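A.B. asks: In case you want the letters, here they are:
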Amino acid sequence: MMRPAALLLLLFTLDTAAGELLVTDADGTPLAQAMVTRTPLEVPEADLSDDGYAPHGVTNVSAITVTRFTAADGHADIFEEGQFSYRVRAQGYQDAWFTEPQDSIALAPMNEQQLHASYPSNVWLSQMPFGGDEELKQTFQLNCAFCHQQASPFMRNERTVEQWVSVIERMNSYGARLPGDDIHQVAEILQKEYRQLREHPEQVPQPRTWEQHLSEVEMTEWPIGDGFSQMHDFLLHPNGMVYVGDNLFDRIYEIDTATGEYTVYKVPHYEDARVGGILGNRFTVFPKMHNYMGVHSFAYSKKDGNIFITPSMQQSLLEFDVKTKEFIIHDMPGGYYPHTIRTDDEDRVWFTLALSSQVAMFDRKTSEFTLYDLPARGFREWLVLKSLPLLFSLAPENRPTPEPDREATGLPMPYGIDVAPDGDIWVARLYANDLAHIDPDSGEITMIDFPFEGPRRLRADADGNIWVVAFQNGLLVKYDPVKKAFTRYELPVVNELPYALNVDRDRGVVWVNGNQSDTILSFDIASESWKVYPMPRQRFFTRDIEISEEDGAIYTSNSHFPTWQSEGATPTLLRITPLEQ
Amino acid sequence: MPLRLIASLAAALCASASVAGDWQYYGGDQGGRHYSTAAQINRDNVSQLDVAWVHRSGDQQHLAEWMGNTSAQSTPLLLPPRAGESLVYCTPFNRIIALDPATGAERWSHDPGVKLAGERPFRCRGVAYYEETRVADGAACRHRLYSNTHDRRLLAVDARNGEPCAGFGENGVLALHGNDQPADMISTSSAPLVAAGVVVTGSTVVDFHYSRAPRGTVQAFDSLTGELRWRFDPLQGQAQSGGANVWAPMSVDEKLGLVYLPTSAPSPDYYGVNRPGDNNYANSVVALALETGELRWHFQHVRHDLWDYDTPAQPILFEWTRNGKAIPALAQPTKQGFVFVLDRSTGESLWEITEQPVPPSQIPGESSAPTQPKPIAPPPLLDSFLMPAQAWGLTFWDRGDCARQLDELDNLGLFTPLSEKLTLMLPGSLGGANWGGGAILGDSGVLVLNVNTAPFTGRLIPASANPGERDKRDHPASGERMRVPMQGTPYDVEVGAMVSPLGIPCSPPPWGKLVAVDLERGVILWEQALGSVHELGPFPLPFHINWGTPNLGGGIATAGGLFFIGATMDRQIRAFDTHSGDMLWKYTLPVDATATPMTYTYKGRQYVVINAGGHAMFGRAHGDYLYAFALESP
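Protein sequences appear in the order of chains U and Z.
Going by the numbering used here, the first sequence opens with residue 345, and the numbers climb by one from there.
Going by the numbering used here, the second sequence opens with residue 80, and the numbers climb by one from there.
If you're looking for bench data, these hints aren't it; they were derived computationally from the structure.
Given the structure is predicted, the values throughout are model-derived calculations rather than measurements.
Where hints are given, some of them may not hold.
No farther apart than 20 Å at their CA atoms in a straight line, the calculated lysine to aspartate or glutamate pairs in the EDC-like style are these [what the hints assert, rightly or not]:
| id | chain 1 | residue 1 | chain 2 | residue 2 |
| --- | --- | --- | --- | --- |
| 1 | U | Lys647 | U | Asp749 |
| 2 | U | Lys647 | U | Asp778 |
| 3 | Z | Lys404 | Z | Glu606 |
| 4 | U | Lys481 | U | Asp768 |
| 5 | U | Lys536 | Z | Glu599 |
| 6 | U | Lys536 | Z | Glu499 |
| 7 | U | Lys646 | U | Glu670 |
| 8 | U | Lys875 | U | Glu924 |
| 9 | Z | Lys404 | U | Glu543 |
| 10 | U | Lys536 | Z | Glu431 |
| 11 | Z | Lys500 | Z | Asp522 |
| 12 | U | Lys536 | Z | Glu606 |
| 13 | U | Lys632 | Z | Asp486 |
| 14 | Z | Lys404 | U | Glu456 |
| 15 | Z | Lys500 | U | Asp395 |
| 16 | U | Lys828 | U | Asp778 |
| 17 | Z | Lys500 | U | Asp394 |
| 18 | U | Lys632 | Z | Asp597 |
| 19 | U | Lys632 | Z | Glu606 |
| 20 | U | Lys646 | U | Glu543 |
| 21 | U | Lys632 | Z | Glu487 |
| 22 | U | Lys827 | U | Asp807 |
Computed beta-carbon distance windows for the label pairs [said to hold, decoys possible]:
| id | chain 1 | residue 1 | chain 2 | residue 2 | range |
| --- | --- | --- | --- | --- | --- |
| 23 | U | Gln457 | Z | Ala318 | 36 to 42 Å |
| 24 | Z | Glu398 | U | Pro740 | 52 to 58 Å |
| 25 | U | Gly584 | Z | Gly444 | 32 to 38 Å |
| 26 | Z | Pro261 | U | Gly524 | 53 to 59 Å |
| 27 | U | Gln446 | Z | Gln319 | 31 to 37 Å |
| 28 | Z | Ala254 | U | Asp395 | 38 to 44 Å |
Using N, Cα and C, we set each Cβ at its ideal position, and we do this for glycine too.
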């Protein structure tokens, strides 16, 4: 005999407008905030004849996926004409897939093991006390969690201490900087504490519950590149295109989000350039790598729309003419590791030089660079910074590399940068835990101690406040330049390690990248309230956010490195769009 | 109840009653635990262990021309008293020999006269004993031995005298699947499995020369008549491929009525465009109903194999205890260096499986699996990464050369698909674990097994490039590289050991080791280098250098707290303390013992026996020895 509730649901279903999916539990109770993803079954044929990628100037079409969440009544408007597969995911329930549109689907509950396995990395990481040594945990997080998630299932696999040491040493060879003195202790802790969690998963807190606001948005993804790519930063251009950089393969993807068409432009490099550029190739064992320049960060000129790109691996600045699709390489007079980039209203291009602890300004009127030296934290650091030209005159394989220490002596690493509404320049130094203010007219530099750990990227809001993520502390921090006061805001998810943020100046919203919790976070400045947006794929590591002035939609990209560890194993550009109510 | 079922149940009861702690099955028992309750030889007195007798099969004298292509890999059985109480084993040429267990004197032998054509190495890892209760007590062939031959025949002989069982097949012989094809395409190496009136046989398929190698069909026959009872093709739905055969020993749980098949890779090993998808039931443990062959469950540990990661070892049946509850379990060591622990009733993993994302293939048309299963515990048996900074060498010069080699090849760890660029294979197709399997220490849930750790490299070469000499072997000899065609594909494959100019592996030693794994806690208890390299240089050294050697063959554990193993490239058989991993005893054999030993107690004296015939694959000396060790005064 049919249960009354199920009968009611059936009647309700019959009354539902065609094209909507009802998601229920096994008993027929509607499930709100269930994630439903629509993926085309037929992937458009693509020209990937250039080592697995599209050749220069070739246009392909991306297989766009769309994700929506069920409303309080369990319904989602997700169906579309055509051949698609649909995946339904809800917290605490087993995923379900189907291909033919149907009225409803009932999800089976997860068992205990499946439930724990479904938790994102951050909740597991939150239960890693590192033997009570908070400083060591922060050192670990700073150096081991900026490429990929920690405490993911792949990290929680049982390993011996020797196997962990081998893993850490390998990661250090790729560019992590865990101090040598800490390696063995960290290996012992990872072996011990991951095992404790494995044996007592009930200690792990439940992840943040998906909330009602999710049914008010649509998530769209454009898969681009392959498992070896890394789609690091990108730009929403006034011409409507999104430009995404694959920083391992020196390619720019120009994406028409309306049609899914994308055109790939290969960044030129110097004839004598080597893979890995002047920094040297740390990934010699990778099957393919094409980062002669290292496409990193993007900004556009408000004057002519040309795009400026930091090539991390060279002593230069890239300019991309969006009309002619031509690249121009501007050689720099000095400085190492061009990093995050912004432009101002005077058509000046500002970017950090992460390795040489400088800020560069490229004045388009004169085509000249000005380099601003940020102060060293001591004599040794000054000496290291001054000796960089000598070090870089040596071939990468013969270049001595200083042993990292916990204070990152010699590497203050200016990272994020932004231009405030008043035209002032603000910079965060990741390892030095300070902010730099540059008066663009006088060139005067003021350093401000940042009272938290790991200021990574920053942005200014409409009022001139500076918003910074404190990476190791997992905090959002506001700096009021007038009051010279810092305010800290706890993130709404535990043990998140925020990489970057952006401010919707028009709407007063700060968007924060999550990378351990498979989420993007929004913070309403006026109400000081958070909203959490779960990502449609697991192991979604984001480093950049762009905001559409028109409707407040935001863009981010999955740049988990290595990409093949992400669910689906392909990087995607993702947009979260508010649905019209 | 059908008569056949009643007979099967009776047979099962007889079989289980006859175990009595002695070695009547290839793997010690039907579940391949490699464990004996014998404790006369123990930690305290093993140092006094000495040669009791030596038997030579005579192959070295009579088949000298072929000996270079053999490896004596047999593990003998001790027949129960009612079956004659002989020690029986097989030679690489499938001659079955029965010996006096006390003296090694030959009682009888049966020579099937295998075809000697072809280049496939000759080997026979064992025979199977069964008491056929449908035959009258005292009649011929009530006690029988079954043996697979190199040339794809299944033999049934009387265990008491070696005479063919006339009522089985045609005068004690029947043709197996692939019998009409040469041994260079399909042959046999492991013993058949017999239980409950059914004989189950696998095959050895040469699976990387051909895209469409022979099918890996498993066959089951009536143990009395040889009538085909059922057959199972692990590659259902893959017409353009072959293999996925069962070359390693199988296990059976008669109580559950399940036979467990360790299936191998589909063909060709390193290229999968011709076989899209996961390739179910290849690279799996497959549980079939022993009676009918009906599929009950399967657990695939490698999807769409591109690495030759066969299931290499006998599934080990044991009781897995958690929170005081015992679960009938199965441990499966793998070439890739994992030990999967499954509920053998259902096939579900008893440890969480983490789907490990793996690098995509670079080969046009190849759709490699995006993830591969990895148990969250126990840890991998070896580290599958080797970075340039970890390169090893005796001198600055050869260490530098190894670092250069590592710097130039692709290496993204386990499951990096081969491309046209040289790629690290760690472990290579040798494993990790291999056919020696492992030993469970009594009821402890502790597994001790031998592991290979030396690195290999490989790449795919367009078949049109550099046409010329191709190799016909399936594994490179020590320090060599070989290139073999994968007929039916656009590529040849080149594989070889990764060594320095001095011929030394580029990874830090040990290059072979023993590992003790607590399967219930999911942790490694100890590791110990296995083997000495003192005979591997240009001239032998008078002292041992225990850096471990590549090893093939397995070990056994006893209630005396000992683990016995040969397997190494140094002519040694050793005994280790199962608690600490310390080596307590060793003996120098005339040639390497590429076999798994066994132990039995006969007339109050415990013996440890091992077949020593050399390492044909490793280019070591060959022989035809069977050594028995015992205490002088037990």
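A.B. asks: Hint by hint, note whether the structure agrees.
C.D. replies: Verification of the supplied hints:
This hinted pair does not check out: U/Lys647 and U/Asp749 have alpha carbons roughly 44 Å apart, beyond 20 Å. Of the supplied pair hints, the one linking U/Lys647 and U/Asp778 is violated, its CA atoms being roughly 32 Å apart against a limit of 20 Å. The straight-line distance between the Cα atoms of Z/Lys404 and Z/Glu606 is roughly 28 Å, outside the 20 Å bound, and the hint therefore fails. Of the supplied pair hints, the one linking U/Lys481 and U/Asp768 is violated, its CA atoms being roughly 35 Å apart against a limit of 20 Å.
A hinted pair counts as satisfied when its Cα atoms are at most 20 Å apart, and U/Lys536 with Z/Glu599 qualifies at roughly 17 Å. For the suggested pair U/Lys536 and Z/Glu499, the alpha carbons sit about 40 Å apart, so the restraint of at most 20 Å is broken. Restraint check for U/Lys646 and U/Glu670: satisfied, since their Cα atoms lie roughly 18 Å apart, inside the 20 Å limit. Proposed proximity of U/Lys875 and U/Glu924 is supported: the alpha carbons are some 18 Å apart, at most 20 Å.
Restraint check for Z/Lys404 and U/Glu543: satisfied, since their Cα atoms lie roughly 16 Å apart, inside the 20 Å limit. Distance check on the hinted pair: U/Lys536 and Z/Glu431 sit about 18 Å apart at the alpha-carbon level, within 20 Å; holds. As the CA atoms of Z/Lys500 and Z/Asp522 are separated by approximately 47 Å, the hinted pair breaks the 20 Å bound. As the CA atoms of U/Lys536 and Z/Glu606 are separated by approximately 18 Å, the hinted pair is consistent with the 20 Å bound.
In summary, the hint linking U/Lys632 to Z/Asp486 is supported, as the alpha carbons are separated by about 13 Å, within the 20 Å threshold. For the suggested pair Z/Lys404 and U/Glu456, the alpha carbons sit about 18 Å apart, so the restraint of at most 20 Å is met. Taken as a hint, the Z/Lys500 and U/Asp395 pair is honoured in the structure, with Cα atoms around 13 Å apart against an allowance of 20 Å. At most 20 Å may separate the alpha-carbon atoms for a hinted pair to count; U/Lys828 and U/Asp778 meet this at roughly 13 Å.
A hinted pair counts as satisfied when its Cα atoms are at most 20 Å apart, and Z/Lys500 with U/Asp394 qualifies at roughly 16 Å. For the proposed pair U/Lys632 and Z/Asp597, the alpha carbon gap of about 39 Å is over 20 Å, so the pair is violated. At roughly 36 Å between alpha-carbon atoms, U/Lys632 and Z/Glu606 are farther apart than 20 Å, so this suggested pair is violated. Taking the CA atoms of U/Lys646 and U/Glu543, the gap is near 56 Å; set against the 20 Å cutoff, the hint is violated.
Restraint check for U/Lys632 and Z/Glu487: satisfied, since their Cα atoms lie roughly 11 Å apart, inside the 20 Å limit. Among the hinted pairs, U/Lys827 with U/Asp807 is consistent with the structure: their alpha-carbon atoms are about 13 Å apart, no more than 20 Å. Taking 36 to 42 Å as the suggested C-beta distance range, the pair U/Gln457 and Z/Ala318 conforms, at roughly 38 Å. At roughly 56 Å, the beta-carbon separation of Z/Glu398 and U/Pro740 lies within the given 52 to 58 Å, and the hint holds.
Against the hinted window of 32 to 38 Å, the Cβ-Cβ separation of U/Gly584 and Z/Gly444 comes to about 36 Å, which satisfies the hint. One distance hint, 53 to 59 Å for the beta-carbon pair Z/Pro261 and U/Gly524, holds here, with the actual separation near 58 Å. Taken as a hint, the range 31 to 37 Å holds for the pair U/Gln446 and Z/Gln319, whose Cβ atoms sit roughly 35 Å apart. The supplied range of 38 to 44 Å is broken by Z/Ala254 and U/Asp395, whose beta-carbon atoms lie about 51 Å from each other.
Taken one by one, the earlier hints fail for this structure at numbers 1, 2, 3, 4, 6, 11, 18, 19, 20 and 28, listed in ascending order.
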